[in-house]
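S.K.: Listed here are the chains, written in short residue letters.
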Amino acid sequence: TQLLEQSPQFLSIQEGENLTVYCNSSSVFSSLQWYRQEPGEGPVLLVTVVTGGEVKKLKRLTFQFGDARKDSSLHITAAQPGDTGLYLCAGAAGAGSYQLTFGKGTKLSVIP
Amino acid sequence: NAGVTQTPKFQVLKTGQSMTLQCAQDMNHEYMSWYRQDPGMGLRLIHYSVGAGITDQGEVPNGYNVSRSTTEDFPLRLLSAAPSQTSVYFCASSWGSSSYNEQFFGPGTRLTVL
Chain L
1 TQLLEQSPQF
11 LSIQEGENLT
21 VYCNSSSVFS
31 SLQWYRQEPG
41 EGPVLLVTVV
51 TGGEVKKLKR
61 LTFQFGDARK
71 DSSLHITAAQ
81 PGDTGLYLCA
91 GAAGAGSYQL
101 TFGKGTKLSV
111 IP
Chain X
113 NAGVTQTPKF
123 QVLKTGQSMT
133 LQCAQDMNHE
143 YMSWYRQDPG
153 MGLRLIHYSV
163 GAGITDQGEV
173 PNGYNVSRST
183 TEDFPLRLLS
193 AAPSQTSVYF
203 CASSWGSSSY
213 NEQFFGPGTR
223 LTVL
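Here the protein sequences line up with chains L and X, keeping their order.
For what it's worth, our numbering labels the leading residue of the first sequence as 1, then goes sequentially.
For what it's worth, our numbering labels the leading residue of the second sequence as 113, then goes sequentially.
In short, the hints are calculated from the structure, not lab data.
Quick caveat, the model's predicted, so the values are computed rather than measured.
For every residue, glycine included, the Cβ atom is placed at its ideal position computed from N, Cα and C.
Take these hints with a grain of salt, some might be off.
Said to hold, decoys possible - To give an idea of the chain X side of the interface with chain L (calculated C-beta under 10 Å), a few residues:
#1 Lys126
#2 Gly128
#3 Tyr176
#4 Glu184
#5 Pro187
#6 Arg189
#7 Ser192
#8 Phe216
#9 Leu223
#10 Val225
Stated by the list, open to error - Output of the computed footprint for chain X on chain L, the stretches with three or more beta carbons under 8 Å from beta carbons of chain X:
#11 19-27
#12 101-110
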């Protein structure tokens, strides 16, 4: 069974601060996705990374896939209250595998 | 497009009761799946389907049944509810079965089993 460990589990920061969320595994993943979930709603996809070492940017969010494709990080620059939510990483064992392994999530609170 | 819809939004059952959680999508997606989300556990796959008439088990299938008679609908049946099935259930769909495909999630059904 592949496991994805997310850290930290909880994060409370002031508006304007930077933060990084980590997603680590001892297993190799063919791709990794990051989702954001707001209370009472389903997760919404932010990004998919597929190549080792890949970096993708989405406005103030920067996503990186580790060279060995075992880990990933999400960095938010100048966090805003609208960034508040639960961030989930999800990995796929193979390109044709539709079974995603989800991390337990990082609950982010950005205080105005 | 309504996307992925789920009904009901909330449900309370007594132990031993059965019920069906409804899921529908209007995006003509091939792949549909059911997850449960428990505090501190992330999302865990219950069952999935790669097309009408085809279903398979995920990580935690015990106590649940599914069927896929149409592309649009993918109901989840609880045969005899147990307190351990108290959870938030999410249905998701995607146009293909590759892990690269974005999964679109419904708003969830919050189920409590007493």
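S.K.: For each hint, tell me whether it holds in the structure or not.
M.R.: We went through each hint and held it up to the structure:
1. Lys126: violated, 25 Å
2. Gly128: With a closest approach of 28 Å, the glycine 128 of chain X hint is violated.
3. Tyr176: violated, 16 Å
4. Glu184: Constraint on glutamate 184 of chain X not satisfied, violated at 18 Å.
5. Pro187: Violated: closest Cβ of chain L sits about 17 Å from proline 187 of chain X, beyond 10 Å.
6. Arg189: violated, 20 Å
7. Ser192: violated, 26 Å
8. Phe216: holds, 8 Å
9. Leu223: violated, 14 Å
10. Val225: Constraint on valine 225 of chain X not satisfied, violated at 20 Å.
11. 19-27: Three-residue rule not met by the region 19-27 of chain L, so violated; n is 0.
12. 101-110: That given contact holds, which follows from 4 residues of the region 101-110 of chain L lying within Cβ reach (below 8 Å) of chain X.
The structure shown violates the earlier hints numbered 1, 2, 3, 4, 5, 6, 7, 9, 10 and 11.
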